[in-house]
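Please build the complete structure, drawing on both the sequences and the hints.
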Amino acid sequence: MTALAIERLFKSFGQLRLFQGLSLNVEPTKYACLLGPSGCGKTTLLRLIAGLESPDVGEIFIDGLPVTNRPPHVRDIGLAFQNYALYPHLSVRDNLAFPLRAPIRRGQFTAADIAQRVTRVAKQMQIEALLNQSVGLLSGGQQQRVALGRALIRHPKILLLDEPTTHLDARLRHEMRAELKLLHRDAGTTTVHVTHDQQEALAVSDVIVLMRDGNIEQVGSPLDLYQNPYTAFVAQFVGDPPMNVIDARLNQTAGDLVLEVGGVEVALPPALDNVAVRASSAELLLGFRPKQVEIVEADQPGAIPALVQMHEMVGRELQITARTGNGVIRYRTTRVRQVRLGERLHLRLALNEAWLFDLKTGVTLQKQTGDRPS
Amino acid sequence: MPPRQRDMAMVFENYALYPHLDVFANIAMPLSAKGIAKSEIRRRVEEIGEVLKLQGQMRQQPRTLSGGQRQRVALGRALIREPRIFLMDEPLGHLEAYLRVELRSEIRRLHEERSATTVYITHDQEEAGAVADRIVVMEQGRVQQSGRLTDLIDSPANRFVASFISEWPINMLPATVTTNGGRTALCVGEARPALTDCQAAVLRGVAGESLELGLRPEDVELVPPGGPGDLPGRVIVVEPQGGMAVIVIETSVGRLNAIAETERTPNVGALIGVSFPPGRVHVFKPDGSNLFARDPAASKG
Chain A
1 MTALAIERLF
11 KSFGQLRLFQ
21 GLSLNVEPTK
31 YACLLGPSGC
41 GKTTLLRLIA
51 GLESPDVGEI
61 FIDGLPVTNR
71 PPHVRDIGLA
81 FQNYALYPHL
91 SVRDNLAFPL
101 RAPIRRGQFT
111 AADIAQRVTR
121 VAKQMQIEAL
131 LNQSVGLLSG
141 GQQQRVALGR
151 ALIRHPKILL
161 LDEPTTHLDA
171 RLRHEMRAEL
181 KLLHRDAGTT
191 TVHVTHDQQE
201 ALAVSDVIVL
211 MRDGNIEQVG
221 SPLDLYQNPY
231 TAFVAQFVGD
241 PPMNVIDARL
251 NQTAGDLVLE
261 VGGVEVALPP
271 ALDNVAVRAS
281 SAELLLGFRP
291 KQVEIVEADQ
301 PGAIPALVQM
311 HEMVGRELQI
321 TARTGNGVIR
331 YRTTRVRQVR
341 LGERLHLRLA
351 LNEAWLFDLK
361 TGVTLQKQTG
371 DRPS
Chain B
1 MPPRQRDMAM
11 VFENYALYPH
21 LDVFANIAMP
31 LSAKGIAKSE
41 IRRRVEEIGE
51 VLKLQGQMRQ
61 QPRTLSGGQR
71 QRVALGRALI
81 REPRIFLMDE
91 PLGHLEAYLR
101 VELRSEIRRL
111 HEERSATTVY
121 ITHDQEEAGA
131 VADRIVVMEQ
141 GRVQQSGRLT
151 DLIDSPANRF
161 VASFISEWPI
171 NMLPATVTTN
181 GGRTALCVGE
191 ARPALTDCQA
201 AVLRGVAGES
211 LELGLRPEDV
221 ELVPPGGPGD
231 LPGRVIVVEP
241 QGGMAVIVIE
251 TSVGRLNAIA
261 ETERTPNVGA
271 LIGVSFPPGR
281 VHVFKPDGSN
291 LFARDPAASK
301 G
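Chains A and B, in that order, are what the protein sequence lines are. Under this note's numbering, the first sequence has 224 at position 224, and the numbering climbs by one with no breaks. Under this note's numbering, the second sequence has 111 at position 111, and the numbering climbs by one with no breaks.
Treat the hints as calculated values from the structure; they're not laboratory data. Mixed in with the good hints, there may be bad ones.
Said to hold, decoys possible - Listed next, the stretches of chain A that the computed footprint assigns to chain B, with coverage defined by at least 3 CB atoms under 8 angstroms from CB atoms of chain B:
hint, stretch
1, 173 to 181
2, 197 to 203
Stated by the list, open to error - Residues from chain A that keep clear of chain B, each with C-beta distances beyond 12 angstroms, as calculated:
hint, residue
3, Asn25
4, Val57
5, Asp63
6, Thr68
7, Pro71
8, Asp113
9, Arg117
10, Leu137
11, Pro270
12, Arg278
13, Glu294
14, Val296
15, Leu365
16, Lys367
As the list claims (entries may be wrong) - Stretches of chain B that chain A covers, calculated by requiring three or more beta carbons in the stretch to come under 8 angstroms of a beta carbon on chain A:
hint, stretch
17, 98 to 110
18, 149 to 162
19, 242 to 252
All values reported here derive from a predicted model rather than from experimental measurement. Note that the Cβ used here is the ideal one computed from N, Cα and C, for glycine as well.
This is the structure we're talking about:
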């Protein structure tokens, strides 16, 4: 049984056909992130799961039960939004108890029941000391804990989180990520968390659902998306700094396959020999991480001429963005040196690890071990 | 001296464009006002328009432009003056993230080409690291520290700078100093971090005070448990980040974060030791100043 099943979902907004047959399964107790750039449909998908939008076509199952045409309050979900959506005039206690006292659930929970649940969830969220305070007086981090506690108080089948850390400062955001993971480990509630922040998705998820233009680009564990990106888009979206993806050409030299990048021939790393033979055309995309680049003298073998477009300090590291004949290469190093914009230098790719993608579809030429998008 | 005599050009966060003039006229305004020849004005406006990728918008009015385009027009109007000093107040404030990254490299490029002194205001430490030769950190009307980004990271003058200039939030742990028969020890829970002679000498003067030890997550060294001087802890959360991971460790003095390479990531539940590399530790007095700052003079600004 799956905790959440979405089957062949269609949804349009006027002319915009957002989802055209999207399917997704989330297994029980998993923490899933819907990740993608703005406009990819991740928040709409969450709203469809919650019942705040209805699909044009398609089915949604929660814990095996069809809920597609059922209103939000009977779906057995807990919701927490980025803006918390708390009742500012009510105390923390009354905010937490609110879902249990809703008129629609009259008679379902006794006063003793409610008191017991409030105490438990307050302890879980470490807000016991705040129970009698008005939420209007709480800090952002405290308000987010109340919102999470309220979402969890009915022990929902699925917890839905919409950008829950967006309004927190950097320190609190990091604290909240650890809290979310600990809470999930404790309560074991299946969770669907929407975020645009790849760092956050990597940090908290069991499963990342990477979306783009209403499609699912890849589903997999954080490590899977980082190590085995299904498309060039995934490769460039996951990881900081993003992977370099540039045009390359596959050549045969004396029986050996070599890559031509920026007019220079680069030996294929042994791991890619078997991959390259799968290429359907000689033109393809080569992906490599910014640390797999080094500055070399012009006369070195494999030296690619490049023009410095940008240099900046990122923490203690120097990042150089340089233009080559085949596209822009980002280079990151701890060996800081003086560099000027417009300077000509030579880069060599140290390809102990690299990725190849089809030029037209952007799909990987590597064999995939993890889940493919369905 | 009134502003117009100071030979400087300003860019504001809210653009301040002339709504009834087109892009060309907006950029040309500082030159037209000076009575420079039309052909010369045209040449310079076109040059700036090319740099800022506004060639296609020259005859449009500001209201028909996107936020990013308006921001570039405002930049163009300042750049065309070739002043001695540029003042820029959050010039990329209203832009989308990807445009901010693109335009800050343009600003840096123009700066390197013309080398006019530029004073650039931003709340974004990453942006500061990207455009500036020197960063002046301010809070509550005071200069807290000024220097290169690496100086601010390696040797923050005080607690505020240490927290504000950071890629990952800096760990802060309660600490005290004991002196026992001429031996000075820094106590962080069970840990007694190694000290240089110079650091020990500085700490002798603050024995018994409530201090805070600051250690950046990227500077935390994870070692097998039980090492003398180390802080024992238990891994409670591991947050993968691609090539590395954030490790959250519970200790007797609170939680702390460490960055570890993916291949060297301990498991959740593992008992480990936190080691404090002597050159990377900061010790903050109750007033916030860093006792281990290398150049205390810099903090006075």
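Verification of the supplied hints:
Counting residues of the stretch 173 to 181 of chain A whose C-beta lies closer than 8 angstroms to any C-beta of chain B gives 4; at least three are required, and the coverage claim holds. Residues of the stretch 197 to 203 of chain A with a Cβ under 8 angstroms from some Cβ of chain B number 3, which satisfies the need for three, so the listed coverage holds. At roughly 22 angstroms, the least C-beta separation between A/Asn25 and chain B is larger than 12 angstroms, which holds for a residue marked as non-interface. Once the 12 angstroms rule is applied to beta carbons, A/Val57 is consistent with being away from chain B; the minimum gap is 33 angstroms.
For A/Asp63, the requirement that its beta carbon stay farther than 12 angstroms from each beta carbon of chain B is met, with the minimum near 27 angstroms. For A/Thr68, the shortest C-beta to C-beta distance to chain B comes to about 34 angstroms, beyond the 12 angstroms cut-off, and the non-interface label holds. Residue placement check: A/Pro71 keeps its beta carbon more than 12 angstroms from all beta carbons of chain B (closest about 36 angstroms). With a least CB separation of 31 angstroms from chain B, A/Asp113 remains clear of the 12 angstroms interface cut-off, as annotated.
Even its closest Cβ contact with chain B, about 26 angstroms, leaves A/Arg117 beyond 12 angstroms, as expected for a residue assigned away from the interface. Taking the minimum C-beta to C-beta distance to chain B, about 24 angstroms, the non-interface status of A/Leu137 holds against the 12 angstroms cut. Distance check on A/Pro270: its Cβ is at least 20 angstroms (rounded) from any Cβ of chain B, clearing the 12 angstroms threshold; non-interface status holds. For A/Arg278, the requirement that its beta carbon stay farther than 12 angstroms from each beta carbon of chain B is met, with the minimum near 25 angstroms.
Every C-beta of chain B lies more than 12 angstroms from that of A/Glu294, the closest at about 17 angstroms, which supports listing it as non-interface. Every beta carbon of chain B lies more than 12 angstroms from that of A/Val296, the smallest distance being close to 23 angstroms; the non-interface claim holds. Every beta carbon of chain B lies more than 12 angstroms from that of A/Leu365, the smallest distance being close to 21 angstroms; the non-interface claim holds. No Cβ of chain B comes within 12 angstroms of the Cβ of A/Lys367; the nearest lies about 21 angstroms off, and the non-interface call holds.
Given a C-beta distance limit of less than 8 angstroms, the hint that chain A covers the stretch 98 to 110 of chain B holds, as 3 residues qualify and 3 suffice. Requiring three or more residues with a Cβ within less than 8 angstroms of a Cβ of chain A, the coverage given for the stretch 149 to 162 of chain B holds, as 4 such residues are present. As drawn, the stretch 242 to 252 of chain B meets chain A at 4 residues by the rule of a beta-carbon pair under 8 angstroms; at three or more, the given contact holds.
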